[in-house]
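A.B. asks: Keeping their order, the protein sequence lines are chains C and A.
With the first letter of the first sequence counted as 1, position 150 gets the number 150 in the numbering used here; the numbers rise by one all the way through.
To convert, count from 1 in the second sequence and add 204; that's the numbering used here.
FYI, nobody ran anything at the bench for these hints, they're computed from the structure.
One should not assume that every hint holds.
Stated by the list, open to error - Short, incomplete list of chain A residues facing chain C, as computed with Cβ under 8 Å:
| # | residue |
| --- | --- |
| 1 | L250 |
| 2 | P253 |
| 3 | N255 |
| 4 | R256 |
| 5 | R258 |
| 6 | H259 |
| 7 | T262 |
| 8 | F263 |
| 9 | A266 |
What the hints assert, rightly or not - Taking lysine-lysine and the DSSO-like style, the derived pairs with C-alpha atoms no more than 27 Å apart in a straight line are:
| # | chain 1 | residue 1 | chain 2 | residue 2 |
| --- | --- | --- | --- | --- |
| 10 | C | K88 | C | K115 |
| 11 | C | K139 | A | K251 |
| 12 | C | K164 | A | K251 |
Computed from a predicted model, the values in this text were never measured in an experiment.
All C-beta atoms, glycine included, are put in the ideal place defined by N, C-alpha and C.
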Amino acid sequence: MSKIVLQIDGRDVEAEQGMTVLEAARSAGISIPTVCHNEKLEPYGACRLCVVEVQGRGRTNLVASCLYPAEQALAVTTKSEKIDKTRKILIEQLLAHAPDAEILQNLAQEYGADKDRFEKEASFCILCGLCVRYCSEVKQNNAVGFFDRGATREIRFVPELAAKVCWDCKECFALCPTSYAQAAYHLTEALAFPSASSQLSSAK
Amino acid sequence: MDNGKIDKIIDKYPSDSSSLIQVLLEIQSENRWLPKEALAKVSERLKVPLNRIRHITTFYKAFSVVPKGRHEIHVCTGTACHVRGAKRVLGAVQDATGLKPGLTGEDFRFSLETVNCVGCCALGPVMVIDGEHHGKLAPAKSKDVLKNYE
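For reference, chain C alone in the conformation it holds in the complex (with noise of 0.2 Å):
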């Protein structure tokens, strides 16, 4: 693998081929804020909250650094007032959609963001797509997957599958930042397959 070194933030950043800006300035120890983003999982760009400045064709521009690659020579910004604005936004629109994530509330008093900026409609799902992703990529179960589109958009669990391999694993709950997996995956057990509950009430 051969190194490349890009600007961020005016350090030179020493970084491989084939990285993303934002590992590239976390192996720098320059901190960006992510949702969507795990390390064990592809990069994704949903949540967008790691937009950085990149100069290049006599401009900047705002890209996702979790999916924009490390090139030689590129100068990137990582801190400002553009980006925090930016930032700041996107905040708090999550924030309509998940008011008591304690994630997106440590997130919105760094960049003073408003959680009542925008009118609430709590769907309590952010769309990181962390649950689907890491179902399909790491557990190979895909039990989890979205459905619809637009702004009906949503997570459901697969019946089918769910009553077979989610009993067991759960994992996703844990990564999942509003909670919503978790009751999502429960509706979808008392709906379709409720015996597992049962069971566990019954052994009470």
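Dock chain A against chain C, hints included.
C.D. replies: Using the frame of chain C, we list chain A on its own:
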């Protein structure tokens, strides 16, 4: 729809994930909807995970995962049809069939949907039944049109 018929459809295409949408479309047009047993079969044969199939079948409006009637009514409620009285046409169709948009009757005669433009605004208000366009409809006329479909 029995398993043999689904197998026959799948056999027509290369058995990998690239055939997924073609296979689903063909099952949809043969059977008018996609039962979950059919999806499980397709998932097994084409080696596509069920959550992906579920995503795709709920993403495209061409697929239905609930049973559909023998005739599909699409009432256009796009802008041009709306200003020409699509609401009243829709109301008349709802009265005649007893269905709300998105539903199918118990006798499986009709399924009713609203659509947002069928591309022939000059004919508005338009209703499409099984791909056949009925334009310049009046509420009373739309009820008569339905009588031609059993």
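A.B. asks: Should the interface hint for N255(A) be scored as holding, given a Cβ-Cβ cut-off of 8 Å against chain C?
C.D. replies: holds (3 Å)
A.B. asks: Holds or violated: the hint that P253(A) contacts chain C, with Cβ atoms closer than 8 Å.
C.D. replies: Holds: closest Cβ of chain C sits about 3 Å from P253(A), inside 8 Å.
A.B. asks: Does K139(C) pair with K251(A) here, judged by a C-alpha cut-off of 27 Å?
C.D. replies: holds (16 Å)
A.B. asks: If you take the shortest Cβ to Cβ gap from F263(A) to chain C, is it below 8 Å?
C.D. replies: Hint on F263(A): holds, closest Cβ of chain C at ~5 Å, below 8 Å.
A.B. asks: Grab the minimum C-beta distance from A266(A) to chain C and call the hint holds if it beats 8 Å, violated otherwise.
C.D. replies: violated (13 Å)
A.B. asks: Would the pair K164(C) and K251(A) pass a check requiring their Cα atoms to be no farther apart than 27 Å?
C.D. replies: Status holds; Cα separation ~18 Å.
A.B. asks: Assess, step by step, whether the Cα of K88(C) is no farther than 27 Å from the Cα of K115(C), and give holds or violated.
C.D. replies: The given pair, whose Cα atoms are some 10 Å apart, holds under the 27 Å limit.
A.B. asks: Hint H259(A) vs chain C: min CB-CB distance below 8 Å?
C.D. replies: This interface hint holds because 5 Å falls under the 8 Å limit.
A.B. asks: With chain C as the partner, please determine if R256(A) meets the hint condition of a C-beta pair closer than 8 Å.
C.D. replies: Cβ of R256(A) sits 7 Å from chain C, so the hint holds.
A.B. asks: Once the shortest beta carbon distance from R258(A) to chain C is found, is it less than 8 Å?
C.D. replies: It holds, given that the least Cβ distance between R258(A) and chain C is near 6 Å, below 8 Å.
A.B. asks: Close enough to count: is the Cβ of L250(A) nearer than 8 Å to one in chain C?
C.D. replies: violated (13 Å)
A.B. asks: Classify the hint on T262(A) as holds or violated, based on whether any CB of chain C lies nearer than 8 Å to its CB.
C.D. replies: holds (5 Å)
In summary, the numbered hints that this structure violates are 1, 9.
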